[in-house]
Each structure stands twice: as C-alpha cells, then as structure tokens.
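Novice: Next come the chains, spelled out residue by residue.
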Amino acid sequence: MKHIALVTLIAATAIALPLFIGENPYIIGILISVLMMAALSSAWNILGGYAGQYSFGHAAYFGAGAYTTLIMLTLFNTLNPVICILVGIVVASLIALMTGSIVFRLRGHYFGLASIAVAEIVRLSVLNFECTGGAQGILLTDISLWGLDLNSKNPFYYGMLLVLAVTLAITAYLRRSKTGYYLQAIREDQDAAASLGINLSFYKNKALLISAALTSVLGSLYGLYIRFIDTSAVLDLRLSIEIILTAIIGGVGTLWGPVVGAILLVPLAEILRSNLLGEALVKAGLVSETSGIGIFLKENLAHAHVLVYGIITVLCILYLPKGILGLYRRKQ
Amino acid sequence: MSFLQPLLSGILTGGVYALAGIGMSLVFGVMNISNFAHGDLMMLGMYMAYFAFTLLHIDPYLSLVLIIPTAFFFGFMLEKLFINRVIHHPHQNQILLTIGLGLIMSNTALLAFTSDPKILTTTYSSSAFNLPGDISISLPLLLSFLITCVIISILYLFLAKTSTGMALRATSQNREAAQLMGINVAKMSAIAFGIGTALAATAGALIAPTYYIHPLAGHSFLLKAFTICVLGGLGSVVGAGVGGIIIGVVEAMSSTYLSTDWKDVIVFVLFLAVLLLRLEGLFGKKGGR
Amino acid sequence: MIQHLLHISHVSKHFGGNVAVSDVSFSVNEKQIFGLIGPNGAGKTTLFNCITGFFPATAGDVIFDNKKINALRPDQVCKLGMVRTWQRVKPLENLTVLENVMVGAFSITNSTGEAEANAMEQLQKVGLTDYVKKSAGSLPIGLKKKLELARVLATHPKMLLLDEICGGLNHTETDLLLDIIRGIRMKGATIVFIEHDMKAVTSICDRIVVLNSGEKLAEGTPEEITSNPDVIAAYLGGGHHA
Ligand SMILES: Nc1ncnc2c1ncn2[C@@H]1O[C@H](COP(=O)(O)OP(=O)(O)O)[C@@H](O)[C@H]1O
Ligand SMILES: [Mg+2]
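Line by line, the protein sequences are chains Y, L and D. Those letters in the first sequence? Residues 2 to 333, by this note's numbering. Those letters in the second sequence? Residues 14 to 302, by this note's numbering. Those letters in the third sequence? Residues 129 to 370, by this note's numbering.
Pulled out of the complex, with its shape left as it was, chain Y reads as follows (with noise of 0.2 Å):
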C-alpha cells in the first residue's frame, strides 16, 4: 500500500514538473536527459540486470531507432513520426535476432567482447554508407505530429516520461512473472536453469528483443527531439557504457536502480559539461576567471566530465558493485 501511494507521487511530481518549470528550456532539456538515460538504462537492465547478459553494444539499438526515424522523415517528410517509430522498432529487432543469434551461444568474457563487435561494424556499416549521411550525420530541418508544437520542448519531456513509465511497468510486471524468474535463473546459473527446464537462448533472447524494441523508441525520440544525428552521438561504444554505468551506480537487476543512477548522473555530467562548476567556482571568488586556472577549467572542464565518469565507474566497482539500491536492499 505504502508502495502504491510512493509510485503515485513521483508519477505525479513527473507529470506536474514541466508546469512548475514553466518555459525553461535549459531545465526541461537536463529533464529530458534525465528521463531518457533513465529509460535507456532500464531497458539495458532487463536484459543485463535481470538476464546477467551484460551488452556492452546497446547502442547499436538506440541509432538503429534513431537512424530509421530520421532516414524515413528525410525521404518522406510528411510521414507520421510514429509510423517511424515503430519501422525503427523493426529494424532494431532484426539487429538484436542477428546479435542474439551470435552472442548467446558465448558465456562470460566472450560475450560481452562479442557484443561490442557487433555494435561496432553497426556503427562503421552506417559510417561508411551514402544513405546515412556518412560522417556528416542527418540534419532534420521540420517534422509535425497531430499538430503538437514539436518546437517546445514539453512534448517531448512526456513521450519520454511515457517511455520510462512503460519500461518500467515491463519490469515490474516481469519480474513477478514466469519470464522474469527464468532470466532471472539464467543469471544466476544458466547450466541449473537449463538442467529446470529453461529454453536458454529463446529466454536470453526474449528479454534482448524487448530491451532493444524500447531502447530504439528511445532513440527514435530522441533523433526527433534533437533532429540532428551522427554516429557519435546515437550509435558509439561511449553511450553503451554510459547506460551499463547509470544502471550499475543506481543497482543492477533492482527496478528503480537505473532511474536512481540517471537522477545522479546526468545532472552531474551536465554541471561539468555546460561548466557550471567552473563558474561557480569563480563566482565564489575561489579562482579568478582570468587566471591560469580559471582558464584552464573554462576550456577543459567540458571534456572533464568523461573523466568523472572512469573515476565513478571505478569507485562503484571497487565499493559499490551492488549500486545505491544494492547498499539500501542489504540493510533491510
């Protein structure tokens, strides 16, 4: 009961944020990120917290949404941004059977090397075609939906609070149910949870094209939100990492894990990144802007936030492997 009533408010607080914000589109912006990272997080989580299937290459789905969405608007751009989403879905799928057909047959080292290779001739294949833009990226100049203001950030601030919102209830529901125990059993011991009955690679595979379909959602969002797009931002090695770590620092294979892990992290890569830091840092006149130091943390800070992130990863594995939730659930 007290459960329920919790998942009430923060729903509550979720919808009614964007009122409070009213029109900052910085605010909303960090929002967003938090929301999607969130999701993606909890996404990867199904698969590699519950299912132990640690992929190193989801990526490979988030551009594969994010690409399709965004090739589709370029060649039609008067089709229905949802009729993309759901081709992108598609062509996720078919990635994630091609990459489940692979990686599942290897265990321990060699799957998660296996699932980097395939995410990364992913992210070369789109690099080095014509229709994808190649290294320049694709440039989305105008999209309309049911003729939602697609300009104001807001739409947007919901079609990712209703992705996580699913992801989430997809866990929940799961983890009570059969298939969630089995991926469940499979992490733990996959010779045991064969040896009980459990079809290991259509389970393992199950759960990867679930978590690819909502992670190529997510992509698609955001390739509309941000209408401009190249490998390096929706399809590299960095993003799949980032996701695997939000999830890590938040708590592996717990449901509110990942969207702890977000709410800490992405504000935090945003206060180094846009140099919030260093500003403060020389508004409380404990550098001075035109100083050595104060130049060098204006130029370089932004590159810094990466380096938090080594040091984070470090830190978490070394005394946090479980996450925050992993520290709370050991208390009880």
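Hint data in this document are derived by calculation from the structure and do not stem from the laboratory. All values derive from a computational prediction rather than experimental measurement. Beta carbons: idealized from backbone N, C-alpha and C, even for Gly.
Keeping only pairs whose Cα atoms sit at most 20 Å apart, straight-line, the calculated SDA-like set for lysine to any residue is:
| id | chain 1 | residue 1 | chain 2 | residue 2 |
| --- | --- | --- | --- | --- |
| 1 | D | Lys196 | D | Thr186 |
| 2 | Y | Lys323 | D | Gly265 |
| 3 | D | Lys159 | D | Leu208 |
| 4 | Y | Lys179 | D | Ser263 |
| 5 | Y | Lys154 | Y | Tyr27 |
| 6 | Y | Lys179 | D | Val260 |
| 7 | Y | Lys207 | D | Arg201 |
| 8 | L | Lys276 | Y | Gly135 |
| 9 | L | Lys93 | Y | Leu316 |
| 10 | D | Lys327 | D | Thr354 |
| 11 | L | Lys276 | L | Tyr225 |
| 12 | L | Lys200 | L | Thr175 |
| 13 | D | Lys159 | D | Ile191 |
| 14 | D | Lys159 | D | Lys286 |
| 15 | L | Lys200 | L | Leu168 |
| 16 | Y | Lys323 | D | Asn222 |
| 17 | Y | Lys179 | D | Glu244 |
| 18 | Y | Lys207 | D | Gln204 |
| 19 | Y | Lys179 | D | Glu242 |
| 20 | Y | Lys323 | D | Leu223 |
| 21 | Y | Lys323 | L | His101 |
| 22 | Y | Lys179 | D | Gln204 |
| 23 | L | Lys200 | L | Leu172 |
| 24 | D | Lys344 | D | Thr354 |
| 25 | D | Lys327 | D | Ser355 |
| 26 | Y | Lys323 | D | Ser266 |
| 27 | D | Lys262 | D | Leu223 |
| 28 | L | Lys93 | Y | Ile312 |
| 29 | D | Lys327 | D | Gly348 |
Derived DEER-like restraints, expressed as beta-carbon distance ranges:
| id | chain 1 | residue 1 | chain 2 | residue 2 | range |
| --- | --- | --- | --- | --- | --- |
| 30 | L | Phe86 | Y | Leu76 | 49 to 59 Å |
| 31 | L | Leu79 | Y | Leu163 | 54 to 64 Å |
| 32 | Y | Ser202 | D | Glu221 | 19 to 29 Å |
| 33 | L | Ala190 | Y | Ile28 | 51 to 61 Å |
| 34 | Y | Ala15 | D | Lys262 | 34 to 44 Å |
Given the coordinates of chain Y, work out where chains L and D with the ligands should sit on it, guided by the hints.
Specialist: What follows is chains L and D with the ligands alone, placed relative to chain Y:
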C-alpha cells in the same frame, strides 16, 4: 600493384599488432581478465615516445629503454591498486573496472595534452627503400617489425627459461594448481599485468612515428587486440603472435582490394566468426558465469 | 512385458583422449530406485551429463520413455519428465528459497500463483518451510541439497537423477533424505541415485550398476553387488568402506 606489397606491409604492421595482442593475451591467460584499458595503455606509450622525442630528444626506438621499465612499473601498480581487487568478481565487473581505468587515462590525456593530434616526425619517418618488383618498404615500419621480433624473442626466452616465466605459464595453465604448488599467484598477476602494460606501451611507441598521436588513439587498437587474442586462442602467446600477423595482412589486403573504409568491419566480422567457430565446443561445459 | 523407462545403450563419452564413460548399457524400470555407484572419477556424473543433454555422448543411445533423447537440450529433456540434481549444488544464490523452487515449478505452469503453491508443497516435503524467504546462497550445504531436491520435485518429474544428494550430510540428515526419496517413489516416480555411501545405496536401491574407470563393472541386486568380489576389490581399492 603487386600482390606482395600489401602482404609485406601487412606482415610488418601485423608484427606490432602482435605485440599488443601478446600483452593482452598474457594478462588474460594469467589473470583471466579481459583488459579494456589495453588500448589506452598503448596510447600512453605513444605519448611517452612523443615526449621523449620532443622534450628529451631521444629517438623513439631508443626511448623504449625508458618506456618499457616505466610502463612495467605502471602496470604492476595498476594491478596492485585496482585490478587484483576484482579478480574473483564476475567478468562484467572486471570489464567495467578496466573500462573505467581506460576512461580515466584517455580523458586525463585529453585534459593534459588536449585533443589536437600530435605528429612525431623523425628524419627517417617517410623514408622507404625499394625492392625489386615495384615493392617499397617503409623504413620505420621495418624497424618496428625488427624490434618487435627481438622483444618477442626475449619474452619467449623469459617465459621458457626463467623460473618466473615458468611460474607465469603454470599460473596461466591452472591458477589453483599453481597456487597449490606454492606459486605466489598474486605476484604473478601483478607481473603479468606489468608485462602486458609494457608490451602495450611498446607497441604504442613503435607505431608513434607512423600514426597520429591522440588521446583516443588507443580505442581502435583495443578491439584489434581482442581479435588477435581470440584468433590465437585467449591466453596463448604464440597464438597471439600469429593472430597479429593475420590481422595485419587481412587489413592490408582489404584496404588494397576492397576499401579502406571497410577494413575495420572486416576485422570485426572475422572476430565474430572466430569466436563462434572456435568456441562452439566450449558452450555448456563451463559454469554459468 | 517389462516397461523400461530409461534405456542406456552402449554409451561412451570421450574428453579428448580421456575416456570418461566407455560402452555402458543398462535399463531402469518404472518406479525403481536404481543405484549408480563407483569410486571417484568412475564417470557417474559424466553419464548423467550425457543422459540429460549437457554434453552429447560420443557414441551410444539414450532412450527415455520410448523416445531417443541423445540430441536433445537439457531443457527439452526436463520437459519430457527427466530432471537431475547437481553433485556440486547449484542454488540460484540471489533468489530466495521459495523462488528457487518456483523456477522448477514454472516448467509445468505459466501462473505465478500456481508455481508458488506447488513450490510451497515441495518445500514442505523436504522440510524447508522455515527458510522460504532466505536467500538460497545463505543456506548451509545440507539445506542446499534439500533445496536441490525440492526444486526438481516441483517439475513433477517421471524420473529423477540424483547426483550424490547425500554427500556431505551426517547420518540423521541422510536418513531423513532417504525417507523423502522413498516417499517420492511411492508417489510413482523413478529414481536413479548416484551415491558413495554403500550403506545408503544398499538400503534404498532395488538394483545397482557399478562403474569403474568409465566401464560397467557389475549389475545386480544390492545383495549380489555387495558380495561381488570385483566390486569389493574396486571399492576397497578406491578407499571406500562398504
Ligand atoms: N568437462 C570435462 N572435461 C574433461 N574431462 C572431464 C569433464 N568432466 C569429467 N571429466 C573427466 O571424466 C572422468 C569422470 O569424471 P566424473 O564423471 O565426474 O566421475 P564421478 O562422478 O564418477 O566421480 C574424470 O576423469 C574427469 O576428469
Ligand atoms: Mg560425480
């Protein structure tokens, strides 16, 4: 153009790849860890060679005398401080830890050295000599290859003849059994990681005169090094040597006869093919994680 | 006509040059408790692995319930009604005891409620009801063995292959488990039982096959086996007490 040209340059480049692959394979064999920071360790080697050349005016090939011990020590400490703490963790945690360390290295380099690519130009950087049949061989490539051969030979002798080398191989074959025989496996891990790092840095230094030196330069070598290891059988030093040459030749051939753009794709496809063909029989034998 | 539920016909398994199982044949009748014994390394576990699809036999046939099952995967074998336990127990460590058994139960139902009811029933049978909410990884070895048993029972198998289910247990625990196994047979299941402890085996089995170095050394009733000089030699040579 003759078929021999890409074959020859492929073999020469492949030698350096082999060096990187052997380092990774050794680490994998002894510690059973996939080191995702390997490419970034190569990148550090590139910068070491670059600064030895620009600041200390030491020839990049000569600077190996400094780079190898420095890198060994660095790797040894990395293992002592970080890696050994996850040696009994699930693979994915080990992978993430080394990814994290790699991100720290590459982004520290980005902060320290900026993202502008550096070029190490020696007097002989672009010299080449011609063989009969219209084949030209780049001098730095040939030098790198020869140095690689020397280093691999020394490593081979070390592993085969010294007691530390034999202890490393024993640990690689069966960690538990080695421990029961009284081998200090924790020390072996640190030594293996030190050697792996030294080999990565050496490979980096050797290619420094012919590549752009850049904080993210290691990334494209990481997956190549994995491919090489898997090709040769993870953990096998000789296999990694052969694997390196094969990758070098495949790359050179596909650049010549297909297109430069697709050569990496071909390497990854090869990687997956090898994974599947070689490991088919392993499926189901080992425990779940 | 006698009904063979399981028929092993000239099964061999090689690991490279190492012959783990060599040309072994025997048949298990319905509702039998069938013992498979032999010194360490005799090939008992390997034979279980071949029967249940974990690795294919190098040669020979496995017939279960009149179907040839050589080429089936472990999960398909389980679906046919044959399920095995593990000598080195394999609990799903981060799941609770109840959830472990539910995973077994899901092989015959899609409903979480039914799976839970079935799991509780099995936990009752083996006496683990006090540990329902505990994580499986936290149990002591004796209880992990019981959990293995409850988990396979939840699949409602026709045949259970038990690999040293009493290994590492004390006398009272062993006797308790043997009683449970007798009860399972009473309900109509067939059991193949790998065990080291000769006393346990002879007290419970209807028929016994002895393996030694991968080969079948003897087959017969417990009385025949305990008086067989080859078996005594192999067992005493192997350092075990009858
Ligand atoms: N996966 C495997 N790979 C190689 N050899 C194996 C494997 N499994 C078992 N063996 C070998 O097969 C033989 C029989 O082992 P096992 O079936 O475990 O004996 P038992 O269960 O009777 O003690 C042993 O020599 C063992 O080393
Ligand atoms: Mg055994």
